[in-house]
Amino acid sequence: MDVSPPKNSIAYIHAVLSPNAAQFRPPTLHIKGAHMTMMTPQELWEKSRPPLEDALSKRMYTFWFSTTELTEIREVGEDRAIGVISGSSVFHLSNVENKYYAHIKEVFDKLTGKKFELQFAIKRGVKKQKSIAGGTGKGSSKKNPQEEFPNLFSQENQRIEGSQEKGKTFPTSFTFALQKAGLREDYAFETLAVSSSNEMAHAAAVAVSQNPGTAYNPLFLYGGVGVGKTHLMQAIGNNILRKNPQTPIAYITGEQFTNEIVAAIQQKRTIDLKKKFRNYKVLLVDDVQFIAGKNTVQEEFFHTFNAITPAGGQIILTSDRPPHEIMLLEDRLRSRFEAGLIVDIQQPSFELRTAILLIKAKKLELDLPMDVAQRIASAIESTRRLEGILIKLHSEHTLFKKPISIELVEEILGKIEKVEFPKQDIKPAEVLKTVAAQFHLTTNSLKGPSRVKNLVEARHIAMYILRYDLGVTLDQIGLLFNGRDHSSIIHATEKIKATIIENEELRTRVNAVKTSLSFRQES
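For the sequence shown, the working numbering gives the first residue as 261, with consecutive numbering after it.
Treat each hint with caution, since some may be false.
[Stated by the list, open to error] With a straight-line Cα cutoff of 25 Å, these simulated DSS-like cross-link-like pairs (lysine-lysine) come out:
1. Lys623 to Lys359
2. Lys554 to Lys365
3. Lys757 to Lys774
4. Lys440 to Lys541
5. Lys554 to Lys707
6. Lys365 to Lys375
7. Lys623 to Lys541
8. Lys661 to Lys693
9. Lys528 to Lys503
10. Lys662 to Lys774
11. Lys623 to Lys503
[Claimed, not checked] Between beta-carbon pairs, the in silico distance windows are:
12. Phe610 to Glu335: 51 to 57 Å
13. Glu762 to Ile525: 40 to 46 Å
14. Asp591 to Pro629: 22 to 28 Å
By construction, these hints were calculated from the structure, which means they are not laboratory data.
Heads up, the beta-carbon is just placed ideally off N, CA and C, and yes, glycines get one too.
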């Protein structure tokens with residue numbers, strides 16, 4: 261059954277913008293007048309517009325394709341061709357490539373009778389191109405200057421952006437390398453705002469990306485939820501692959517590492533897994549605290565660490581707390597984590613939140629006035645929620661032509677205050693994951709029926725935070741915990757609420773979870 265939202269609805273727009281957009285593929289393309297030849301890049305691009313608009317809707321076509329154009333066609337043999345699609349926005353090109361490559365290719369193939377390969381390029385100017393099949397069309401002479409994209413605070417980011425040669429395309433190998441490594445292209449240094457709260461971490465990350473395996477090894481970044489640890493970590497890998505897409509590099513979470521170890525043991529392929537991890541030149545492990553208390557996993561990570569670093573490789577780790585506060589972490593791992601550089605990333609200041617908004621708005625090609633950015637930054641502290649507000653603002657402006665103003669922001673903020681979880685921009689799944697990690701449990705056991713004492717306490721703490729810090733309803737908490745009824749949830753949460761006042765040990769455990777989630781602590 262088709263579960264896609266209506267094509268022109270806001271839900272559809274958000275679905276297409278989401279990481280899971282593949283499930284919302286537009287319908288099959290229907291093209292009239294196929295197998296036309298003798299077209300210039302401009303002519304082919306214009307003829308591709310109607311079928312793409314039919315498949316995507318005019319709004320979606322305008323949203324993603326208004327700043328892009330086909331600037332070059334190169335024939336490869338009699339039946340193949342390479343088309344270069346250029347634009348001034350890395351954000352738009354990346355999304356067009358990821359979401360619509362197959363649709364554009366299908367249109368080009370049917371219109372020309374050739375099999376197309378597509379490349380995507382950032383260009384400051386577009387030269388005239390020869391027509392396909394050796395024609396003499398004039399081609400496109402339209403200029404498409406690259407927008408300046410300087411980071412508001414980082415000279416290093418300006419250097420990276422400015423180092424791109426005029427007319428140079430992003431190599432396909434770079435995109436493939438990112439995908440293979442599990443990295444996001446938008447998590448780069450040039451999309452990161454820097455201030456006193458993350459200045460040290462940013463400087464260390466840049467240094468590591470320039471000389472992996474020599475400076476700050478391992479690099480250990482820690483801080484609460486939404487402070488930018490993952491962005492910084494992935495920016496390191498992104499920059500390394502820009503310089504050399506062949507670098508063996510992998511991004512993985514502590515939970516994914518654990519799951520791979522468990523699966524390898526069950527399937528009796530541990531030797532293959534050892535070779536896989538130990539052959540990486542750069543290993544980035546997010547939420548490394550998850551491996552604590554898991555002896556077999558820690559054993560394998562210890563040997564992986566010892567295989568990579570002596571061979572000149574680089575390890576980057578993130579956690580919600582420093583190594584000495586990770587309970588049940590083996591001493592030999594703790595000592596190795598502490599042997600490199602440990603950097604704390606603080607919650608973003610008002611100035612940094614404003615800068616983040618301006619940078620992300622630039623990426624969305626949204627003209628965001630300073631006073632509007634400051635109004636949002638004054639109301640929202642979470643960087644994740646900032647991005648959500650900005651996307652909402654962008655959709656209201658793009659789809660309904662509403663002017664970007666403080667009044668529109670107030671309208672959006674007013675709606676946001678009425679949403680289901682008004683107190684924190686944290687998903688229930690993150691609470692379960694954090695509580696499970698704090699108590700060295702799995703989320704499945706946390707939600708399960710076991711009555712083991714420490715597991716019951718962890719379950720009650722999770723329910724307490726969900727109910728009182730996120731405002732999750734009793735019905736929804738029941739669903740999260742495999743159908744538990746209202747009375748058991750009320751009993752559990754009220755028990756924690758009453759006990760936490762006098763029980764310092766319990767209060768410490770609850771506050772440890774809240775610190776990881778960047779919540780206000782119990783006093």
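Satisfaction of the hinted span 51 to 57 Å by the C-beta atoms belonging to Phe610 and Glu335
holds (55 Å)
25 Å Cα cutoff - pair Lys662, Lys774
violated (38 Å)
Distance restraint between Lys757 and Lys774, which requires alpha-carbon spacing of 25 Å or less:
holds (15 Å)
Hint check: Lys623 vs Lys541, CA-CA at most 25 Å. Holds or violated?
At roughly 31 Å apart (the allowed maximum being 25 Å), Lys541 and Lys623 break the hint.
Within a Cα-Cα threshold of 25 Å, do Lys528 and Lys503 meet the stated pairing?
Judged against 25 Å, a Cα distance of about 37 Å means the pair is violated.
Can you let me know if the beta-carbon spacing of Glu762 and Ile525 is within 40 to 46 Å?
holds (44 Å)
Next pair to validate is Lys554 with Lys707; report whether the Cα-Cα distance is within 25 Å.
holds (19 Å)
Would you check the hint for Lys365 and Lys375, treating anything up to 25 Å between C-alpha atoms as holding?
holds (8 Å)
Would you mind confirming whether the straight-line C-alpha gap from Lys623 to Lys503 stays at or under 25 Å?
Given pair Lys623, Lys503 holds - Cα atoms ~22 Å apart, limit 25 Å.
Is Lys440 within 25 Å of Lys541, Cα to Cα?
Holds, at roughly 14 Å.
Pair hint Lys661 and Lys693, alpha-carbon separation not exceeding 25 Å
violated (40 Å)
Would you mind confirming whether the straight-line C-alpha gap from Lys623 to Lys359 stays at or under 25 Å?
holds (17 Å)
Hint check: violations occur at hints 2, 7, 8, 9, 10 and 14; the rest are consistent with the structure.
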